[in-house]
Amino acid sequence: MSARNIIIALAVVVLAIAGVLGYMTMNGTPQRADLRIGLVLEPPILDPTAGAATAIDDVVYQNVFEGLTRIDEHGAVQPALATSWEISPDNLIYTFHLAKNVTFHDGTTFDADDVVYSYNRILAADSVNAQKALYAVIASVTAVDPQTVKIVLSAPSGRFLFDAGRGDASIVAPESEPTNDAKPIGTGPFKFIDWQKGANLTLARYDGYWGTKAALGKVTYVFIADGVARTNALLAGDIDGINNTDATSLPVFAKDARFKVLVGSTEGEVILAQNNARPPFDKLQVRQAIAHALNREEIIKGASSGYGVPIGSHFAPHNPYYIDLTGTYPYDPAKAKALLAEAGLPDGFSATIKVPPVPYAQLGAQIIASELAEVGIKLTQVAVDWPQWLGDVFTKGDYDLTIISHSEPFDIGIYADPNYYFHYNDPDFQAIISKLNATTDEAARKELAIAAQKRLAEQAVNGFLFELPKTGVWNAKLEGMWQNEPIEGVVLTGVHWVK
Amino acid sequence: MIWFAVRKFFGFAVTFVVAALVIFAALDLLPGDPARFILGINATPETVAALQHQLGLDLPFWQRFLRWLGGMLVGDFGTSYAQNQPVGALIAGRLAVTLPLTFLAMVLSMLIGLPIGILAARRRGSLADTGLMVLAQFGVAVPNFWFGMLLVLLFSVTLHWLPPGGFIPWGDNPAGALNSLVLPSIALALPQAAILARVMRTALVDVQGSDFIRAARARGLTMSEAVWQHGVRNALLPVLTILGLQFAFLVAGTVIVENVFYLPGLGRLIFDAISARDLVLVRGAIIILVLAVTGTMFLTDLLYGWADPRLRARDAA
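Here the protein sequences line up with chains A and B, keeping their order. Under my numbering, the very last position in the first sequence is 659; numbers go up by exactly one each time. Under my numbering, the very last position in the second sequence is 320; numbers go up by exactly one each time.
Simulated from the structure, these hints should not be mistaken for laboratory data. Take the hints with a grain of salt, since some may be wrong.
Label pairs and their in silico Cβ distance ranges [stated by the list, open to error]: (1) Pro517/A to Leu24/B: 24 to 34 Å; (2) Ala437/A to Glu49/B: 18 to 28 Å; (3) Val312/A to Gln57/B: 21 to 31 Å; (4) Thr263/A to Gln57/B: 29 to 39 Å; (5) Leu76/B to Pro239/A: 47 to 57 Å; (6) Ala437/A to His56/B: 48 to 58 Å.
Glycine residues also receive a C-beta, built at the ideal position from the N, C-alpha and C atoms.
The whole structure should be built from the sequences, with the hints applied where relevant.
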């Protein structure tokens, strides 16, 4: 074989290898632009202003619909459809300047009239907005010009800008509002495409979006209620990720390089709620005894597979106003027994605990029952489903104890309502909250929020257990998901694939 | 035969009407308010009242009942509280999954169960018979959801042959739709096939010892010819009874299997609707199931009449 032939042969081999390699890099890892995401619950409807189901926000919040403001991953208020605003010195008049060139997904333009329409719909007498009470502070909403809206409050409100960023205050168009339940039309980066009831729901990138366009071209939500089925769907690659799944399934994914586990916090304070009006829970010593009898570490381990931050009051640990009060009544069964004796119950007492159908409550109730039994409090566990819980416990207040996560952001104010199902009537606490609501100065608000947390902790109004974790599992090649959940929703704007 | 059919139809109609009454009354007694469920814990009582009015929940019992009954006569099952959609359309969409699933499972269970039963009966006492019946016993004992999970682990997670769940609509891709029903229908069919095999075996063993088989043998037929020409049809009677009952079991079984394979079927619709106190939807779905089950019983009765002339004769007398 001549040298020339060898060189030619070598060249052919090299070219062939290069070609194969080039082909592989071109086609071996094609960049994906679609996402299949698992959801535990299917939304009943898709209008975020007409229902409280969190599954609605999981799909549409900040994806399909936008509000005047929006809440970011850290719980802070950011501009959205209102790109800037001015607040009058008396904190009563908010002037919002709206984004330009905004269109709804059906092509109609967005202007101040849509904002006026959306807000008046929340405030109307026949409104069925689940959070109507939050917006009761609004006195009037007027369009100054197509790009400017003026909202007048009847009293200063420190949380109005936050509330304007909730899914419940999404801006809808009068033309499409009646059909938003089944075919939502918003201004967001994703538009609604298709909903196969019971199976899946598809969104696609809205190319006419006024802001930064979404990286994903198509998003499919797959509804998988069963925990084992969710795990299998992830393992088999039928879905690329899930926003929040059973903490018990995380060890499977933590060891698997194909997945990444994102554990963050939510706004859900898991509490052992007590009927403060019903003896013996009306006695401070009894409530303190229960607080001393609860071992939070053990409860978190059993009810949430060890994920979750212990709390000592009704406040989210990631909030800038948070103060750690878990040491107010540390775990101390002997002290608990002494306090019960002081309250005239040396032999303890019997009570029932109503348990809603969620793992943290079902598992938590068993641990709490055994912990309270150690100090002489015998619990009967009664399983209830959600409608029963809402009817008996929440609406009628007919219960001794229950376990529940309160998932509303910044909801410490519920303790100021003596008719709320805790039946906690404390003028001192009510004074703190009404002052807090009327204060807009940051430093003063923080001080008041801390005072409110301390008061609840000291009064042992409820057993404060832990902050519900958000446990997401995603394909390892996905980036841009929110780790925390400062508000209900699965915001996909920044989600993208990497190589 | 016509008189026989009319009598059976009358029984079917009465059952259906009584069931409708019971369903409405029982669901009305369930605790929990659909309006409160939709609006959640932060809604004010006024907002809840506004929604109750919008949903017609503030009307008295008898008025709501008559509305429902009257609507059903013209095919209107009402509007779902939670989903704000006509119940009839919601249910029809789910039947497109549940009916093919049930049908496939039924066919599969017959294809697997009947030959095994016949084979075991023909080889009674043999090693094959014992082996098959042990297998059948195992099949009866295995819960379908657990078997379904095993199927997913093997065929989806490990081998990637079939989807772990979900459903592709028939209109989009019929092959894909069928693909997504393969594992669930196998999971549903296995326990039923086991029961069928056992019933078929017992029935055929009984028949093999009967006088008419001996008579057929005396006419010169071989045992196989006698069994195939005369025995199997006679042995089918108890099998038909079981098949009719199994339809009801299959429909109930879909609730669990649809959860394991996250299929958008009727079982899951009912499960979710009960959790959300979407009573209009629950009522509509249950009534349709009642219709399906009583309808199948009615058809089974007719088939009986066809398979066994004695029944017709007794009725005519």
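* Asked: When the hints from earlier in the document are held up against this structure, which numbers fail?
  -> 6
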